[in-house]
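Protein chains in written order, with my numbering: chain A, 1 to 236; chain B, 237 to 348; chain C, 349 to 450.
Please keep in mind that the hints were generated in silico from the structure rather than gathered at the bench.
Misleading hints may appear alongside valid ones.
[What the hints assert, rightly or not] Quick list of simulated restraints, FRET-style, between CB atoms:
(1) Arg21/A / Leu431/C: 21 to 29 Å
(2) Leu322/B / Val182/A: 34 to 42 Å
(3) Ala438/C / Gln101/A: 15 to 23 Å
(4) Pro445/C / Leu164/A: 38 to 46 Å
(5) Ala46/A / Ala288/B: 31 to 39 Å
(6) Arg192/A / Pro374/C: 49 to 57 Å
By construction, the Cβ of each residue, glycine as well, lies at the ideal position given by its N, Cα and C atoms.
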Amino acid sequence: MKKLMNPKSMTEIVAQQMLFRLLLVALLAVMLTGLGYAVLSLPLQAPGLSEAVAKNLETSGVSNPVTAVLINFRAYDTLLEMGVLLLALLGVWSLGGEPEQRESSPGAVLDMLPRLLVSVLILVAGYLLWDGGHAPGGAFQAGSVLGAVGVLLLLAGWHPSARLVRLPLRIALVAGLGMFVVMGMVLILMGRRLLEYPPAQAGAIILLIEATATLSIAITLASLFLGGRPNSGARK
Amino acid sequence: MEAVTVDAVSMFETVTMLHWAFDAVLGFALLWLAWLALTSQDLFKAIVLFIAFGLLMALAWVRLDAPDIALAEAAIGAGLTGALLLSALARLKSKHNTRADHEKVDESEVHD
Amino acid sequence: MNGVLLYALVGVGLFTLGLYALIVYPHLLRKILAINVMGSGVFLILVALGGRTPGTSPDPVPHAMVITGIVVAVSATALALALMLRVRAATGQARLPEEQLE
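The following block holds chain A by itself, in its conformation from the complex:
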């Protein structure tokens, strides 16, 4: 497979590769000890931002501190993350159309599994979304479970109809980021800063944003699994 275009012999190339690999291992060992030393030399106690979060948790509208940080205190990061998800999907779509699906009948397991699981998973996603306010859960967890529903359906051979694929798909994809931006604009028009929720309505705002974000994340993840622009023509 190696074309010998220069006068070096095979053993010399192999020896040089081994030398490079040894050099790489040595450098990585140095990096490993350096990083390990850096980690070990950090103080054992560091409160970080946990006290600030705990102090402001009542004004955030939820009682789960991670959800409060994600959707309220660091809402701008989450807005940008929805943008990153959308950008990744746009990148995948720009690389070409949907790959050709081979017609194959699903096996016994794949035939039964979606029927059993899809409704249960939708319930689980709804529960995770609602529960994210006061227990572990939230938009990303619920969105990923719903995305798994989409992946399961795609694996079982379902394909969204042409009517669904044109406008409703695009609306669902943009809804999460759009709701964030709209909420931010509304708050600016009301005189507050970008994404600074009034404490009285913060719980409702967070739930609204999380619900649209769940839908968006789910459809984005399932579309990423599809692997290309969906066919809007008729499928055989």
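We have chain A already, so just place chains B and C on it with the hints.
Just chains B and C now, with coordinates in the frame of chain A:
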């Protein structure tokens, strides 16, 4: 009361030792699974080991008092990434790579 | 306290393992696996170091960052896989070309 206090202390120490042992085994298993997944010859085996690595990471998140991350890792890191990787591997291995036939992008725009 | 340092060191080890595999293997799918392992290592370090709070509840800000990071990592993996399939369609194999060692 002396004996009861000593028993409670030693039980607490045993539980802490068990926690440490569990953490050590989990940490070692994470490193070993990662090494196996990265260096195994067969790509399918590598991806399956990577999914198992993701599930062990979910356990590690639970041990670090991060249940939200554990939920996200189990669903996304292990489940969805595994599905994406396996689907890509299947497309990689299929001999009938008809992707080029469905290209709507002009090739001359891509290779400039 | 609760094995914080242990998991941070495991994260450092995962990062180094991933970096080694990223550099050494020419196959693109292995590189994508390596990047994911590196990402998991970094997340472990973040969360482990965020658990050094004096109380019992850990710092929630690194948790939020890591959840964001996991979602971003999966979308980047999806894009990278699509790129790999394009490379395969264009050149016939999903590897970086072997370099001539000069």
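Tested hints:
1. In this structure the supplied range 21 to 29 Å holds for Arg21/A paired with Leu431/C, their Cβ-Cβ distance being about 27 Å.
2. In this structure, Leu322/B and Val182/A meet the distance hint of 34 to 42 Å, their C-beta atoms being roughly 37 Å apart.
3. For Ala438/C paired with Gln101/A, a C-beta distance near 22 Å keeps the hint of 15 to 23 Å intact.
4. For the hinted restraint 38 to 46 Å between Pro445/C and Leu164/A, the CB-CB distance of approximately 42 Å keeps it satisfied.
5. About 33 Å separates the C-beta atoms of Ala46/A and Ala288/B, a value consistent with the hinted range of 31 to 39 Å.
6. The hint said 49 to 57 Å for the Cβ distance between Arg192/A and Pro374/C, and at roughly 53 Å that hint holds.
In terms of the numbered hints stated before, the structure departs from none.
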